[in-house]
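Engineer: Sequence:
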Amino acid sequence: MNKKAVILLSGGLDSLVSLAAAKDFCNVELALTFDYSQRALDEEIEAASLISRFYKIEHKVIKLPFLAEITNNALVDSHADLEFEKLDKNSAKAVWVPNRNGLFLNIAASFADSMGYDYIIIGANKEEAGTFSDNSVEFLKRADGFFEYSTLKHPKILAPLAKLEKHEIINFALDKKVPLEYLKSCYNSKKLSGVKHCGKCESCKRLRAAILKSVNKDLIKLFF
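Letter 131 of the sequence shown, counting from 1, is numbered 130 in numbering that gives the first Met the number 0, and no numbers are missing.
Treat the hints with care, since some could be wrong.
[Claimed, not checked] Derived lysine-lysine pairs resembling DSSO-like cross-links, with alpha carbons at most 30 Å apart: (1) Lys140 to Lys190; (2) Lys92 to Lys189; (3) Lys190 to Lys22; (4) Lys212 to Lys92; (5) Lys62 to Lys88; (6) Lys3 to Lys85; (7) Lys92 to Lys176; (8) Lys176 to Lys3; (9) Lys85 to Lys22; (10) Lys175 to Lys3; (11) Lys190 to Lys204; (12) Lys2 to Lys175; (13) Lys22 to Lys212; (14) Lys92 to Lys162; (15) Lys216 to Lys22; (16) Lys195 to Lys55; (17) Lys88 to Lys216; (18) Lys2 to Lys85; (19) Lys59 to Lys216; (20) Lys140 to Lys85.
[To be verified] Restraint ranges, calculated between C-beta atoms of paired labels, are given here: (21) Lys220 to Lys162: 25 to 33 Å; (22) Phe223 to Phe65: 31 to 39 Å; (23) Leu151 to Asn89: 40 to 48 Å; (24) Val136 to Val214: 20 to 28 Å.
The hints are simulated quantities; they were obtained by calculation from the structure and are not laboratory data.
Yeah, the Cβ is synthetic: ideal placement off N, Cα and C, and Gly gets one too.
With the sequences and hints as input, model every part of the structure.
Structural biologist: Given below as structure tokens:
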């Protein structure tokens, strides 16, 4: 528990539960949320702020205007359709942000190098690794090796959920009494959809399916 960490905190299911898991073996001192003009930015910042307050850690929002400029898809375009029948590589491509996790990890590594953090926590998971390559164990191993050369601190990347499917993450969260009421796992802005979770975007569909496969199906009333 004398090890310190920084976490990538979007306010969604995976980052929230990763934070709860990481608190068991290290001191998570800083949460980073990234602003690249995503549709649900305000809600993500609010969720991440509430989560950080609950776990008593510092929270910073990092503005990345250049990333917004080069991201040309439904995740930042408020007029684009985020609904897909199948969750596959095509739906993933529709919300792909150029080098997102690579960039976020490198920014977190800069904080780790400067502030002496031993770990960088990320909410990568097995389910999304199937369509998002930057959630895969292979990607995380490659990125981990990079910091051996680009930093003096040599922080290690930890992904507590890397081997879990979404419903297993839900079950883990319920067992750990994670405050799931704080999370925001929707790509849509509440201002656009009128609800906290639209139930139509890729993230919402994954959350709904996970809850229905979990040990507490009634949890669905909390989000949809």
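Engineer: State for each hint whether it applies.
Structural biologist: Against the structure, the hints come out as follows:
For the hint pairing Lys140 with Lys190, the CA-to-CA distance comes to about 38 Å; that exceeds 30 Å, so the pair is violated. Our distance criterion of 30 Å between C-alpha atoms is met by Lys92 and Lys189, whose separation comes to about 23 Å. The hinted pair formed by Lys190 and Lys22 fails the criterion: a straight-line CA distance of about 33 Å is larger than 30 Å. About 26 Å separates the Cα atoms of Lys212 and Lys92, which keeps this hinted pair within 30 Å; it holds.
Taken as a hint, the Lys62 and Lys88 pair is honoured in the structure, with Cα atoms around 28 Å apart against an allowance of 30 Å. Proximity of Lys3 to Lys85 is assessed by CA-CA distance (about 40 Å); at most 30 Å being required, the pair is judged violated. At most 30 Å may separate the alpha-carbon atoms for a hinted pair to count; Lys92 and Lys176 exceed this at roughly 34 Å. Restraint check for Lys176 and Lys3: the C-alpha separation of about 23 Å stays at or below 30 Å, so the hint holds.
Taking the CA atoms of Lys85 and Lys22, the gap is about 35 Å. The hint is violated against a cut of 30 Å. Simply put, Lys175 and Lys3 have alpha-carbon atoms about 21 Å apart, close enough for the 30 Å limit, and the pair holds. Restraint check: the Cα-Cα separation between Lys190 and Lys204 comes to about 19 Å, which is no more than 30 Å; the hinted pair holds. Taken as a hint, the Lys2 and Lys175 pair is honoured in the structure, with Cα atoms around 21 Å apart against an allowance of 30 Å.
Proposed proximity of Lys22 and Lys212 is supported: the alpha carbons are some 26 Å apart, at most 30 Å. Annotation: proposed proximity of Lys92 to Lys162 holds, straight-line Cα distance about 23 Å (limit 30 Å). Under the criterion of a C-alpha separation no larger than 30 Å, the hint pairing Lys216 with Lys22 is consistent with the structure, at around 26 Å. With a CA separation close to 24 Å, the supplied pair Lys195 and Lys55 stays within the 30 Å bound.
A C-alpha spacing of about 28 Å is found between Lys88 and Lys216, which places the hinted pair at or below 30 Å, so the restraint holds. A threshold of 30 Å between alpha carbons decides the hint, and for Lys2 with Lys85 the separation of about 41 Å lies outside it, so the pair is violated. Pair hint Lys59 plus Lys216 does not hold up; C-alpha atoms about 34 Å apart against a cutoff of 30 Å. For the given pair, Lys140 sits about 29 Å from Lys85 by alpha-carbon distance, which is consistent with the 30 Å threshold.
For the pair Lys220 and Lys162, the beta carbons lie near 29 Å from each other, so the given range of 25 to 33 Å is met. Between Phe223 and Phe65, the C-beta spacing of about 35 Å keeps the proposed range 31 to 39 Å intact. For Leu151 and Asn89, the Cβ-Cβ distance of about 42 Å falls inside the hinted range of 40 to 48 Å, so the restraint holds. About 26 Å separates the C-beta atoms of Val136 and Val214, a value consistent with the hinted range of 20 to 28 Å.
In this structure, the hints that do not hold are numbers 1, 3, 6, 7, 9, 18 and 19, in rising order.
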